[in-house]
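One letter stands for each residue in the lines below.
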Amino acid sequence: MTVGDNLEEFYGKVVEDFDIAKGIEKPTGVVYRLRCEYDDEVTTHDRIQKFARDPKANQVKALVIGIWDFEGGDSSEVVAALLQNKETFKGLEALMIGDITGEENEISWIEQCDLGPLVNALPNLEHFQCRGGTGLELKGIKSSKLKTLIVESGGLPNEVIRDVMKSELPNLEHLELWLGTEDYGFQANIHDLRPLLSGKNWPKLRYLGLRDSTIADAIAKSFMAAEKADVGSVQVEGKTFVLTGKLLQLDRKKAEAALEAKGAKIGGSVSKTTDYLVAGEKAGSKMEKAKSLGIPVLSEGDLMVLIGGDTSNVSDAGGSVLDTIKVLDLSMGTLSDDGAKALLNNPRIRELDKLDLHYHYMSDEMMEALRALPIQVDVSDQQDFEEDPEDRYVAVSE
Amino acid sequence: MKITIIGNPENRRVTYFMDAARRLGVPTPQVVSWLDCLRHPSPAQICDADLIRIDSPGENFEVEVELVGRGARRQGALPPSWTSETEDRGSIRNQRLWFDGFKDILDELTQCRGHFMTPPSEILAMFDKIQARERHRNAGAPMPGFLGDIDAMDDLDALAKDHQRMFIKPRFGSSASGVIAFRSRPRRQMTTSVELQGTRLYNSLKIRTYIEASKQSAIIDALAPDGLFAEEWIPKASRGGAFDFRVFVVAGKAEHTVMRVSQSPLTNLHLGNQRGDIEAFQAAKPCAFRAVQDAAVIAASGFSALTCGVDVALEATMKRAYVLETNAFGDLLPNVFIDGKDTYTRSLEEALKR
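Top line first, the protein sequences correspond to chains A and B. By our numbering, the letter at position 387 of the first sequence is numbered 1076, and the numbering carries on one by one without gaps. By our numbering, the letter at position 94 of the second sequence is numbered 102, and the numbering carries on one by one without gaps.
For reference, chain B alone in the conformation it holds in the complex (with noise of 0.2 Å):
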């Protein structure tokens, strides 16, 4: 049995990974660093094995760089000069680029022989959040109404006209990564982790609020051309802050699920926010619980993953669960255990038996 993992070996995805391996008696997996991988001739060869999985590509700068010069070549434009800028640590840029690169690479990695924990096809249906709502809608999970598309600031002016709040998101942005909760009244404001600087904008672990319009115009002008849509905006139920979930599902099973919980629109936990007691919630609130654990069953039932992320949030009555996005790579959940076992070890098992 030969398994083999894609990652960057430096990240802490592939120490839980090797540790699940170890946990599991099963051989030492491969290894194959993403860098290796996209610069490699042909790499399906190197990554061959019985059993594959494909983790994260992300926080590595040189990866970074592969990706967006191969989307840059896939659309038949010159690698973008930016290769030759330095890191820039938390940029947000090139999210379309990004995405045709990576889409590119994984491509090539269906020549594989051998069997994906989550398939090439369904990471990308994934982290295209337009197609990732499309699966969804099959599947028969119940999600925030989708708005419209929005290519530029007039777009938003638009929808502004009928909707007072909303949530903007990139149609390939990773985790919060450039998601705007927008309000148009008392004022037009976006709250965001967005860090504008000029015309650049980064990540960052705070969360702004931008009142000033000429600023809302350089946010949206900077993310438009990568894709942005807009959502309806969920009011969230709210214990000591407003609350989402993020659940693992496995082999169609819903399993570790921490509860996120806010003092501002954005839930996610990269964000500063903490974790709220999520046994003390499904002890309170049983139904509410597992409407939760449905809806992140149905909308990984529209992928053909042996394990995704389900992000969910309640509406504030708490009586209907609904699916806010599902992530390929959604399993980083260190220190939550099911009868022990991480989400690696359970996910690992699960391929085993396959």
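Extracted from the complex, chain A is given alone in its bound form (with noise of 0.2 Å):
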């Protein structure tokens, strides 16, 4: 399916598309949507110079970008065009770049650039929201202002969701990835997902939407806390340890050394002998296979406390998105059962607000367990989920 309706609201306002001839009539009562049209010359960058040109222009806080192009050029121009003028919008405090339907363009074909400088370039952006993930990067974003970045695609390129992770926003409360598929553009698995899943890099998290996804199962059972062993308790003498992911402080060569000073084993990979696993940053398979197999998990900051160390700088490993968020988003994607299962018997979702998983693949009887959850449950608009699983769509991926 494509995305059907253009925005009738956005940033609490409603939706108008801007029209030359009568210029910006309502600066703050309307958010003006540019965009090119069937049978009409004029380009969407010229219509962003026009708006930009009159006199209200700088009394805008909120615009929308729509199609630029009917025959599939990028975003580039709009992008330089919004560049050029960002003094007059310095004020804007909210941004759509590719407001655009299936009937327009679908999703997928929708080709976007480096939108990164722009954000970078308004400095009172709150809300930054863009459809289209071909072509689409962001990066070196950096903003104490943004609040809200929400990122739609048929197919989210791996670079994108690195480039997401790598930005710098200390006060985002919203963030919304449509991941969508590998047949446009999707290439991630859940180990690339997990520093997004950690909640280290946003600390103000309050929404974490990963809709649209294919993955959806996987992402629910990432969720499942790692059995988390007490250090007062562990015994190092005779036990397999074995370590994964990045250390902060520890150089990982010394740091196996001294817990086999002390009488441990090292083990290269994790199984029903592992005793107990060190889980540094990005823990990828290997902490997957320690939940499985209920093997429980040291943080680096326990093993600096095993093994003598100054343990003040290093946080806790195996922190989740969950200690911060108060509304998950797993919507328009292929969740079932298998998925659903994982959060149901996690603890952890039931202190959210607000478990968002409309779209599914889920059966009646998993819905009806979810609905009885202690919070706000949305498993509205079921799709067929005794269809075979590679016949499972998500939402929006053309």
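Don't read these hints as lab results, they were simulated from the structure. None of the hints are false.
Listed next, the in silico DSSO-like pairs over lysine-lysine satisfying Cα-Cα at most 27 Å (straight line):
no.	chain 1	residue 1	chain 2	residue 2
1	B	327	A	745
2	A	702	B	293
3	B	293	A	715
4	A	954	A	980
5	A	715	B	327
6	B	327	A	702
7	A	910	A	935
Fit chain to chain and form the complex, with the hints in mind.
Written as structure tokens, this is what we have:
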């Protein structure tokens, strides 16, 4: 399926197409959308220039950019026009680049460019939203104002996910990524997403949306907490330790040597004979394995306690975005009973305000069980859950 | 006052017209079946009346056989062998021969003495989509741009180089039959209600997207000989899905209007799409609604017909309306009333004034 409708509302105001003949009549009363039109020769970047020249342009707080090219050109001219007028637009608090329906241009065919410079050029931007993953980059985003970041795509490239993870957004409250499908550019697996799920990057995050995803089940399962070992009762001698992930304070070789000096064995992979997993940053498949086998997990901090060292600068491993968020949104994806079970059995999910799972492939029984949770749960728009998993589609891809 | 309706008596279109006559208290119209009409040596004789309504010959296999056979004879060809075939419901075939047969019988009917609600020549002009485009253009109706004829896959390949999206339409198809929404990116795909079974095509209620080149070629190869052309794909306005309108125009006035909302590029109501809330739309977007009705009236003015059903789309910004098609039998809009009157009642009422 494709995106059905244009925005009717944005940043709390009604969206209206900008009419060059009329000019800006209500700079703060409505939100103007600038886009090219069928049978009309005025391009979107021309419209931006004309809009910026209007004496009221600098009063505008929110702006929507719609389709810029019916034949598939990228957004660079649009971005250039906005950047060229960044002085005029410096009061912008909200910006959407790509309010484009499937009738205008399919989401996977919208060609974006690096939107990072645009975000950085607008000092008062609190809400930034874009649609289309093709060609998209969000390089070097750094803003202490930005509270909302929404990236809608039919397939989000790994590079963009990395850009988002590297962004410096200390006040981000709402992060929403439409991950999409492999057919249209999504390549990540659950391990690539792990830094996003650790909750470290965005201390003020209240809403996390990993929507429209073919790996919704894996995401749901990844919230399952690891078996946290109590460092006070850990016995080192004779036990098998496996170290994984990046250690921030310790040198891995030296840490392993220190454990061995205390009589521990060091294992290369997690198995039933593993006693403890020490997980550093970005712990991946070994962490998953440890969770599934119920093997206790130690943080780098724990390890430092065990081998003796300064632990003041180390945060706990296995931190979770669930520590900060109040709303988890895994809607529009292929979530099935498999992933939903992990949510249901995860006590931390019950501490959220809202769990949004609409458009899903769960059974009636699972929906019933989730509805019984003591929080707000949206399980509307059930898809045919008996469908072969191969034939399950996310809500928006093409 | 003698009224005749030529139609397929079992079809609800005829029933609705008879109901309208009863409601208006006019003498019961004489029903001449298409089958009788097609098999009669001088059809004008049995159809004669003061007022004649020609209705759709569709949805009847025997009539289809007669029309295609007639078309084949007109072309000097032998009746096609398929007449011995089974009905093969939904099969898309012989669109050209069907039209030739239809043209032949309509030409004969011009000899009728009475007054036609919509004259045969006008019905034909609406049925032939190329001719209809010409009529629309002469009337000044805005339309999607014409891109070119498609006689073979090569033509489509050439067009696809310059156009990333287009609508491909059979010249003589009715409603959405054989219409294809074509995209060349992100990959080449065709979205259509056509169902390909081997080399045969069927009308389906399900919308399919064909990605394999071999299937795409098979569909084009099957449709092209009967006439196929490409039009620009207007980015339609959306509200809960893309939508367009069917506007019933009677005596130069836009009346019964239905909004067709679809999750696919094909908005035809037969394809299981929903009707939108026309009153709510009219209230929210009065200018856009007026543009739709105006476009329909302009399109209708290109034909000397008492009634027609015009399909109109708004482009995404809803500033401009475009005529997609004009349908001679586009008045089948059950349960839509204006002042308590359906399209059939309004048609007859206006016809009686003349």
